[in-house]
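Protein chains in written order, with the working numbering: chain C, 1 to 514; chain A, 1 to 514.
Honestly, I wouldn't trust all of these hints.
Since the list gives no way to pick one copy over another, a pair counts as held whenever it fits inside one copy or between any two copies.
Claimed, not checked - With a straight-line Cα cutoff of 20 Å, these simulated EDC-like cross-link-like pairs (lysine to aspartate or glutamate) come out:
(1) K283 x D108
(2) K460 x E141
(3) K283 x D352
(4) K283 x D166
(5) K290 x D108
(6) K212 x D247
(7) K326 x D247
(8) K169 x D303
(9) K64 x E340
(10) K283 x D331
(11) K169 x E313
(12) K460 x E428
(13) K212 x E141
(14) K261 x D166
(15) K460 x E17
(16) K180 x D321
(17) K504 x E141
These aren't lab readings, by the way, just hints derived from the structure by calculation.
2 protein chains.
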Amino acid sequence: MNGAESLVKTLVQGGVEVCFANPGTSEMHFVAALDSVPGIRCVLCLFEGGATGAADGYARMAGKPAATLLHLGPGLGNGIANLHNARRARSPIVNIVGEHATHHIPYDAPLTSDIEGLARPVSAWVRTSRGAGAVGADAAEAIAAASREPGQVATLILPADTAWTDGGKVAPVPPIPAPKSPSSDAIDAAARALRLGPTSMLLLGHKALRAKGLDWAGAIAARTGCRIVAQVSNARMERGAGRVAIDRIPYPIDMALNTLKEVRHLVLLGTSAPVAFFAYPGKPSTLTPKDCAIQTLATPADDLIGALAALAEAVGAKAGDAQRQKSAPPDLPQGALTSEKIAAVIGALLPDNAVVCDESVTTGRGFFPATRGARPHDWLQLSGGAIGLGIPLATGVAVACPDRKVISLEADGSGMYTLQSLWTQARERLNVMTLIWANRAYAILRSELTGVGARNPGRKALDMLSLDNPALDWVSLARGMGVEGVRAASIEELIDAFRAGLKKSGPFVIEVVL
Amino acid sequence: MNGAESLVKTLVQGGVEVCFANPGTSEMHFVAALDSVPGIRCVLCLFEGGATGAADGYARMAGKPAATLLHLGPGLGNGIANLHNARRARSPIVNIVGEHATHHIPYDAPLTSDIEGLARPVSAWVRTSRGAGAVGADAAEAIAAASREPGQVATLILPADTAWTDGGKVAPVPPIPAPKSPSSDAIDAAARALRLGPTSMLLLGHKALRAKGLDWAGAIAARTGCRIVAQVSNARMERGAGRVAIDRIPYPIDMALNTLKEVRHLVLLGTSAPVAFFAYPGKPSTLTPKDCAIQTLATPADDLIGALAALAEAVGAKAGDAQRQKSAPPDLPQGALTSEKIAAVIGALLPDNAVVCDESVTTGRGFFPATRGARPHDWLQLSGGAIGLGIPLATGVAVACPDRKVISLEADGSGMYTLQSLWTQARERLNVMTLIWANRAYAILRSELTGVGARNPGRKALDMLSLDNPALDWVSLARGMGVEGVRAASIEELIDAFRAGLKKSGPFVIEVVL
């Protein structure tokens, strides 16, 4: 058994079922081992950002890591933006990067680079295997590092000789530490703060935003009168009819400050204190008022559901106290395409148990309220602000959830970063409907240009924010990658296309021309 | 004058004429300054790998740096693969990366990351500006660092507040050290070695491969009988009729070893000792025989043309001694598409003074000999082995050389990495004809899988190397980005399409179905 075979066997025994791969020469033995050892589904991506983004989407839904397979430093480089997003989403990923054979590295061949240096900024755990006999144990530790709460990126660098040399040993995954619970003192302090009512806020993140956590949070709010709110961007939220609905902190800085301006006691559960997404001249970085007391009740690494249950008990709330969202799909609108009407279409037509991957950027600011009373669904957001996650994310979600409809809401500027993943959706016949918001601009930057106080932008500045010369044609782009697509230029066309897409079991693209 | 304005003015005064940009919120003041201060052409790229690859192409032809504009750590991440290639090509680039405002960084907002950490592996010079008053001087030093021989990537990280705060100062570019010349002892030693005849080899790299350098090298070879050879991958070579033709070391390891097996004295001029591109079980990393003496006459940082002239004098060769290539375009072939016939078409139809950007990978192995006697042209190669350079490279070349026809030879697997640059070609109406070798496979990996000794690949391994399910449709992909394209399935169709493309002044894609 060579090192590569021990790696695949260790991954299989450690519960890794999928590898999102974009291999090169130095990874050929790993490819051969994936081929000969059963148990891992290999999903080919045509760009490494597609592989890392898919691994993020898979992890958010499967609750366990997939592996990636990337080619040396440049391949890792191409995957960094979506590893950054995965790190912010706290997604477990076993990120496997090929490397030249150990003896070849000193010769500085053209593809040689500092892989560990590139990996560290996006990885909680980095290791280069030192020999075929160590690969199995390294992989087992990578699985453990990735899987411990709150989920991490573990990067295992695999020199080609450690893969091809005999002497591989399969290793068991070491014990993964259980998440901790808050002390009873901390629970009591949080309970006291939240009992003060509407000037108190329970800010939720990570797994507190699943149905069970929100149920407890809703019960606490019902009992104490405190507000429950989520961060601006969240890896996964369970919502829709029958779930406890909560708002998010808005993205625009002034709206965010306004949301928090009355808060005097902030209790953090699975997240950190809210800060501005970007800095702006004359605006603060922290979103809470100066006189707001902040208590971290539980970090994302802690037992969030247990902490919520204990907190509910401390305030005297019971399961079932929460006010759950009633089914309230919006009425179907008519006429010209506006952001509000599109939101209503999504809210009305979202199928039961859908998974929504949202990289809508400006177009989607109103989607959240309009889908509050839609059929039950999961809502996944761009977590780290690095655009180009959406199409890969939806790809990974569809691999993890073959029985659910994936709705991918994608801004055109963001979609262009990683459009290659449409091909993977076609190849794997994944059940993803992608809606492209074709406003033909980096629309967010138009307002940001004003927001940072840049004065009187001229033609050259505006040209750098517009994508209309030439206009992107997403129906052709989709066709080029084997994916069927249609264009919708009115609400009626959007409704027809959406309904047609719901009936398909493979990928489908709707270019919504705004 | 704010920091951003001082940055743009310093760039303009320092000779930077182009900025390949992919901006975000934190870069809005730089965008506003590019808008208000005349002198820099802004070229919008829809993906950062397009920006960095274009800056590489621009630098290879213009002989001076362009600027990039990238958005924070993830934007830099997306640009890393082509910065790696640029580093290997020794291309001068002033790589500008936005960063959060200095006071905002400690708050760990979603887009915060270790930008310096990501920049270091691909940059010879990295600095984060410390204030508006320092930005001008930092930019001037970045230009100097990028421009010194042999050309480097200089990464300037620009916190948003250093851009928006007043107090910017324009700074002059500090003196750039002149390249050094070899000692007369070193020249004499090299002359002695080369006079030994055909068991001696002068291995050339970097600017020694321009017409003037090759002329001297050809004179030295004519006088001494030594062999003159280039590395496997070269940033830019001037060749074709009227130039001195030289061979390159082949990529396949066994062919490379065979090329060097008789060499007993190797003189390096503008390059390092040849090593295997990848390691293979049981094969050496160094390509030279064990008993080969190796002398580094000049590093890429040295005055290579001066060194060649001095060496010519030492061996008694005169300008004009070189045997120059006669015009010998191949005959136009007919029939089915093969790599050999395609090579002949390129050799026959290449227009005068064309710039060829070659990321052909497997399909293009025979292109070099067949174009030896073509009309005079420049040949630019993938220098660092990180695929996904070709389309961006051609884009930057066309910006640098508006009066020359750019011929972009692109493998389909590689082209998919950075296809977004086709849109930039359409937007800027760049004179680029792209030929896509649609073999619908990572064909190189099929032979590499055998080459590393991986045994009996099965369906799963072969699936990871094939792109035929579904087949990519490059005509649709091009159309989706506003670029006209046609498909060629025979030599006759290729000839017709090639001739049609030569008549166009904007971008054009030919999908060559193999």
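Hint check results:
no.: 1; hint: K283 x D108; verdict: between (48 Å within a copy, 16 Å between copies)
no.: 2; hint: K460 x E141; verdict: neither (51 Å within a copy, 26 Å between copies)
no.: 3; hint: K283 x D352; verdict: neither (42 Å within a copy, 58 Å between copies)
no.: 4; hint: K283 x D166; verdict: between (60 Å within a copy, 17 Å between copies)
no.: 5; hint: K290 x D108; verdict: between (54 Å within a copy, 19 Å between copies)
no.: 6; hint: K212 x D247; verdict: within (17 Å within a copy, 68 Å between copies)
no.: 7; hint: K326 x D247; verdict: within (16 Å within a copy, 75 Å between copies)
no.: 8; hint: K169 x D303; verdict: neither (34 Å within a copy, 53 Å between copies)
no.: 9; hint: K64 x E340; verdict: neither (36 Å within a copy, 49 Å between copies)
no.: 10; hint: K283 x D331; verdict: neither (39 Å within a copy, 69 Å between copies)
no.: 11; hint: K169 x E313; verdict: neither (48 Å within a copy, 62 Å between copies)
no.: 12; hint: K460 x E428; verdict: between (42 Å within a copy, 13 Å between copies)
no.: 13; hint: K212 x E141; verdict: neither (30 Å within a copy, 56 Å between copies)
no.: 14; hint: K261 x D166; verdict: neither (63 Å within a copy, 31 Å between copies)
no.: 15; hint: K460 x E17; verdict: between (49 Å within a copy, 14 Å between copies)
no.: 16; hint: K180 x D321; verdict: neither (26 Å within a copy, 80 Å between copies)
no.: 17; hint: K504 x E141; verdict: neither (41 Å within a copy, 57 Å between copies)
Checked against the numbered hints above, the structure breaks hints 2, 3, 8, 9, 10, 11, 13, 14, 16, 17 and satisfies the rest.
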